[in-house]
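*Asks:* Given next are the chains, with one letter for each unit.
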Amino acid sequence: AQTVTQSQPEMSVQEAETVTLSCTYDTSENNYYLFWYKQPPSRQMILVIRQEAYKQQNATENRFSVNFQKAAKSFSLKISDSQLGDTAMYFCAFMKLGTGANNLFFGTGTRLTVIP
Amino acid sequence: KAGVTQTPRYLIKTRGQQVTLSCSPISGHRSVSWYQQTPGQGLQFLFEYFSETQRNKGNFPGRFSGRQFSNSRSEMNVSTLELGDSALYLCASRMTSGDYNEQFFGPGTRLTVL
Numbered sequence: 878a879q880t881v882t883q884s885q886p887e888m889s890v891q892e893a894e895t896v897t898l899s900c901t902y903d904t905s906e907n908n909y910y911l912f913w914y915k916q917p918p919s920r921q922m923i924l925v926i927r928q929e930a931y932k933q934q935n936a937t938e939n940r941f942s943v944n945f946q947k948a949a950k951s952f953s954l955k956i957s958d959s960q961l962g963d964t965a966m967y968f969c970a971f972m973k974l975g976t977g978a979n980n981l982f983f984g985t986g987t988r989l990t991v992i993p
Numbered sequence: 004k005a006g007v008t009q010t011p012r013y014l015i016k017t018r019g020q021q022v023t024l025s026c027s028p029i030s031g032h033r034s035v036s037w038y039q040q041t042p043g044q045g046l047q048f049l050f051e052y053f054s055e056t057q058r059n060k061g062n063f064p065g066r067f068s069g070r071q072f073s074n075s076r077s078e079m080n081v082s083t084l085e086l087g088d089s090a091l092y093l094c095a096s097r098m099t100s101g102d103y104n105e106q107f108f109g110p111g112t113r114l115t116v117l
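Here the protein sequences line up with chains A and B, keeping their order.
The first sequence begins at 878 in the numbering used here and counts up by one.
The second sequence begins at 4 in the numbering used here and counts up by one.
Please keep in mind that the hints were generated in silico from the structure rather than gathered at the bench.
In this text, a Cβ means the ideal position worked out from N, Cα and C, and glycines have one as well.
Incorrect hints may appear among the rest.
[To be verified] Covered by chain B, according to a simulated footprint, are these stretches of chain A (three or more residues, beta-carbon under 8 Å):
1) 915 to 926
2) 981 to 989
[As the list claims (entries may be wrong)] Using 30 Å as the maximum straight-line C-alpha spacing, the simulated DSS-like pairs for lysine-lysine come out as follows:
3) A:Lys950 x A:Lys973
4) A:Lys973 x A:Lys932
5) B:Lys4 x B:Lys60
6) A:Lys955 x A:Lys973
7) A:Lys932 x A:Lys950
8) B:Lys16 x B:Lys60
9) A:Lys947 x B:Lys60
10) A:Lys947 x A:Lys973
11) A:Lys950 x B:Lys60
12) A:Lys932 x A:Lys955
13) B:Lys60 x A:Lys973
14) A:Lys973 x B:Lys4
[Claimed, not checked] With the C-beta cut set under 8 Å, the calculated list includes, among others, these residues of chain A facing chain B:
15) Val890
16) Tyr910
17) Phe945
Here chain B stands alone, though its shape is the one from the complex (with noise of 0.2 Å):
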């Protein structure tokens, strides 16, 4: 079963610009979160959906959005760059939302604002 892919895997843009990251899950998987890792700030959850819902969000300001697909595809949108969104951005999908099961990260996109 293939993991969890996201692309594109590096980015670079400039501030003021908008950006939109990709995210597929594992097949079966109707689960996926967002998480922001940066050096200062670690890892910092954003939101999750769950059947095309935003279930739970994070503390970030509202240029991050996201949104999932009809087939749990999601996709994130950052708009209005800051040089502080420079990070790498991990999707995480697992089968359901709620009690516990096991999340699977995908390897990142990498987001340069310069």
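Just chain A, same shape as in the assembly (with noise of 0.2 Å):
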């Protein structure tokens, strides 16, 4: 079975700096997918970033990116210059490639508050 765990239940960063995001997974596949998603208060989920797992290069999206350490099972989401828009709950989030079940299985979340 996969976990996702996310150890940061809140966090805050003042507008303009950087925050990082912790998430920690485990399983036994070696084919999976790792994500970043965000949801703000309007509660639309939205695809922030992924990470092919067989990919050692870090996922980059704008102000977004990741660190991504295979052997540790980390995924951390990095975000600079936040913007108060970046206030949202954001989940970290698994996936399993291949045949059979791939659903993805999400952590508890961090809610992020960027602060004016």
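With the hints in hand, could you dock these two chains into one complex?
*Replies:* Put into structure tokens, the structure is as follows:
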């Protein structure tokens, strides 16, 4: 079974600063994806960034980047130049690939508040 | 292209009743997944439908069921509602099942069981 752990229930950051959200996971799979999703107060879940497990290079999307440590099963999200619109719940998620079930397994989330 | 839509957005029911929630996927998407989000249990996978067939099911009791129609629209049904079924129910669609392709989430249906 897959498990995803987010150990930071809440975090805050000053506008324009950088913040890192932590995520660890446990799996015996070798072929999988990892994701960070954002859920603003409006509740619509939005994909922020994804990482293929077979890629050593860390994914980046504008101000968002990840630090993927496969051996340590760690997948942190760094948000640079934080903006007020980044205030949201952030969920780390895992999806295995291949045959069979490939639904998303989510962590418990980190509530991020960007302070003006 | 219109996003994933879910109806109704809010619903209040009493214990013992049943409820049906609807999800319309993005045009061209054939896979629909359902997730339950609660403060206590977080986000949990309910089931996935692809081409009108249930492809995958999470660890929920048989009171939770679903179906998918030929136009890929999906419904989920919860019978004999319990207080613990109060949750935000999220639907997500993607083009196919199996290999990776991005899932797009709807705004959710907030179910309150009294």
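*Asks:* Give a verdict on every hint.
*Replies:* A quick look at each hint next to the structure:
no.: 1; hint: 915 to 926; result: holds (count 6)
no.: 2; hint: 981 to 989; result: holds (count 6)
no.: 3; hint: A:Lys950 x A:Lys973; result: holds (14 Å)
no.: 4; hint: A:Lys973 x A:Lys932; result: holds (15 Å)
no.: 5; hint: B:Lys4 x B:Lys60; result: holds (29 Å)
no.: 6; hint: A:Lys955 x A:Lys973; result: holds (23 Å)
no.: 7; hint: A:Lys932 x A:Lys950; result: holds (14 Å)
no.: 8; hint: B:Lys16 x B:Lys60; result: holds (25 Å)
no.: 9; hint: A:Lys947 x B:Lys60; result: holds (28 Å)
no.: 10; hint: A:Lys947 x A:Lys973; result: holds (14 Å)
no.: 11; hint: A:Lys950 x B:Lys60; result: holds (26 Å)
no.: 12; hint: A:Lys932 x A:Lys955; result: holds (18 Å)
no.: 13; hint: B:Lys60 x A:Lys973; result: holds (15 Å)
no.: 14; hint: A:Lys973 x B:Lys4; result: holds (28 Å)
no.: 15; hint: Val890; result: violated (23 Å)
no.: 16; hint: Tyr910; result: holds (6 Å)
no.: 17; hint: Phe945; result: violated (16 Å)
Checked against the numbered hints given earlier, this structure breaks hints 15, 17; the rest are met.
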